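Residue numbers (the UniProt record's numbering), protein chains in the order written: chain R, 1 to 362; chain D, 1 to 254.
Simulated from the structure, these hints should not be mistaken for lab results.
Treat the numbers as computed from the prediction; the structure is a model and nothing was measured.
Mixed in with the good hints, there may be bad ones.
With a Cα cut of at most 25 Å, we get these calculated DSS-like pairs of lysine-lysine [said to hold, decoys possible]:
hint, chain 1, residue 1, chain 2, residue 2
1, R, K239, R, K311
2, R, K328, R, K311
3, D, K230, D, K31
4, R, K207, D, K230
5, R, K311, R, K301
6, D, K192, R, K274
Sample of chain D residues at the chain R side, in silico, Cβ under 10 Å [what the hints assert, rightly or not]:
hint, residue
7, I52
8, T75
9, I78
10, A110
11, R113
12, N114
13, A168
From the three backbone atoms N, C-alpha and C, an ideal C-beta is built for every residue, glycine too.
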Amino acid sequence: MADKPIEGEKRVFMTGNEVVAWAALAAKAEIMYGYPITPQNEIMHYWTRMAPKFGREFLQTEDELSAGFTTAGGVLAGRKAFTATAGPGNTLMQEPMSMAEAMRLPVVVVVQQRGGPSTATVIYSQQEVTMTTMGGNGEGLRVVYSTATHQELFDYTIKAFNTAWKYRFPTFVLGDGYQAKMRESLTIYDPEARGVTLLPAEAYLGKPGTPGVDRPPAQYRNTYNVEEELYEVLQGYFKDYEKMAPEIAEFDAFDTEDADLVVISHGVVSRAAKGAVKELRAAGYKVGYFRPITLRPLPVKELRALGGRTKQFLVAESANGQLARLLKEAAYGCPVEMLPMYKPGVGITTEEVVARVKEIAG
Amino acid sequence: MSVQPAMPKSWRMDTKPHKFCPGCGHGLVLKALGMAIDELGIQDRAVFGCDIGCSLLSWDFFNVDSIQTHHGRTTPVITGLKRANPNLIGIAYMGDGGGYAIGSQHLVNAAARNERITAILVNNTQYGMTGGQMAPTTLPGQKTETTPYGRDPEKTGYPVQGPEMVAAITREGSYVARGTIANLNQLKGYIKKALQNQIEGNGFSFVEVLSACPTNWRTNAEETWNMVEKEMPKFFKVGEIKVPGAGKEGQENG
Ligand code: SF4
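For reference, chain R alone in the conformation it holds in the complex (with noise of 0.2 Å):
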């Protein structure tokens, strides 16, 4: 059997799917649970292809509630286990995510966004941002890194499963399927060759030791008798959260000190914000770019100075306001204005950014 999937480094085109798969195996991922959805379908192939040869286990389950509750069992008896899925699926995994949640199980969850409401496309969009950050019936207590290109698909799918297991909250990769599906460069690793720590897995049940005998039980629940009791827990929750929030949160950001307006996206779109805002600022426009990363727990510190010194954010979504929505709630009580450039479940092009503001600047 191989040792390592990867050796040094490696110069690669290849799909997003093909590479979240080749990062699974780079962060040791021991065992994928999953349900044939599209766009996420090729997560699965390449996985049960080269998962055999490194000891890596796979389970087809009968739907997605099965494949986010069996990637909790995987978890619990101390695996670094995940799934992948996309749109509908990512509404019934919305479910074992909150069991996730109460009980701080690090599951990663790959999510490649398709076209919703309902079953609409299977090819792209970003509509899956208010389900995947605020999903299930909590408080959102989830960390979801959002990607825009092949090189952080990888990179950030390897970070998922340390977060994951360092401060125990389930963690979402969210992709989409422009990512999914296409070809790209970049350069695939063994983290551990660029000094990258792989945090281990650790057992929450099946311990060493007879329970009750060498060891208390290790016994787990989600319900709770009376409000207090649950008050009590989630508070110790909301503080750990809090406490990890500055520590993860990621963003991405230039030309904004001196900009009028900010063009503010994630994921795929961010590249076309990106190539705009480099092009109206050759063109004299004071214009800056800006992208949260983490879009759950989002960068609050850095969005609320900036929505303290810009008059304007441009916030450009393949989704009718959800990323908006987000910006709006950590900037409440900033003069910026926020307007919308919203395409739902469809892509937006550089030239769109370009015309857009130069339309908004006038």
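Keeping the supplied structure of chain R fixed, place chain D with the ligand upon it in accordance with the hints.
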């Protein structure tokens, strides 16, 4: 008069007396399970998963590592756990609503995939925790909160035959039985075989247990036992339905 038998060694004493209603069947099922765990000596590697419904009250019942899951989702949680660490003995404990209604797809598919887990399903003919609504196992004519004039099979079907269904979709190697709280020794034997079958890695193991819910049945002791011993067996045949290596299916014992 017999002496009150000792509690199973695997029971967690500091959570006793348990939280079920007086006269509830759950305590008896969990006693049989506790004895089976003791006799097999698997307290150190058993993992007990309980569903939502009255079964959720068992989350701290044993001195066994335990996980309380969601309504209907114990089968996939224990499946995922067992797949990730086959050395553990996974027990999925659920009610009839969890197993036959909201989680039926999980039961069917875990059985069809021959997952090496043991599922124990408590059949008390209705939803206990939510206040006594019709379940897939409700008897024809039985009054529940959602069938106040009695279950009409024309409109809502007949009681689901769970073990028979599981037996029909599993291959050689699985163990399927229906026990009853009216015969604890036999029930313990079934549960023990179901666990042994998992230990040996043969295949999916399933035990349905005819149980009692005097609270929602609104029955006194005599009426409760009449229901368990006389009414329920009219629709649910007690016995072993599938035994590995038996050569033929349909073996029964009393
Ligand atoms: S409601 Fe019924 S099943 Fe639930 S604990 Fe009480 S008697 Fe048992």
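A quick look at each hint next to the structure:
| no. | hint | verdict |
| --- | --- | --- |
| 1 | R:K239 with R:K311 | violated, 33 Å |
| 2 | R:K328 with R:K311 | holds, 14 Å |
| 3 | D:K230 with D:K31 | holds, 23 Å |
| 4 | R:K207 with D:K230 | violated, 44 Å |
| 5 | R:K311 with R:K301 | holds, 17 Å |
| 6 | D:K192 with R:K274 | violated, 64 Å |
| 7 | I52 | holds, 7 Å |
| 8 | T75 | holds, 8 Å |
| 9 | I78 | holds, 6 Å |
| 10 | A110 | holds, 8 Å |
| 11 | R113 | holds, 8 Å |
| 12 | N114 | violated, 12 Å |
| 13 | A168 | violated, 17 Å |
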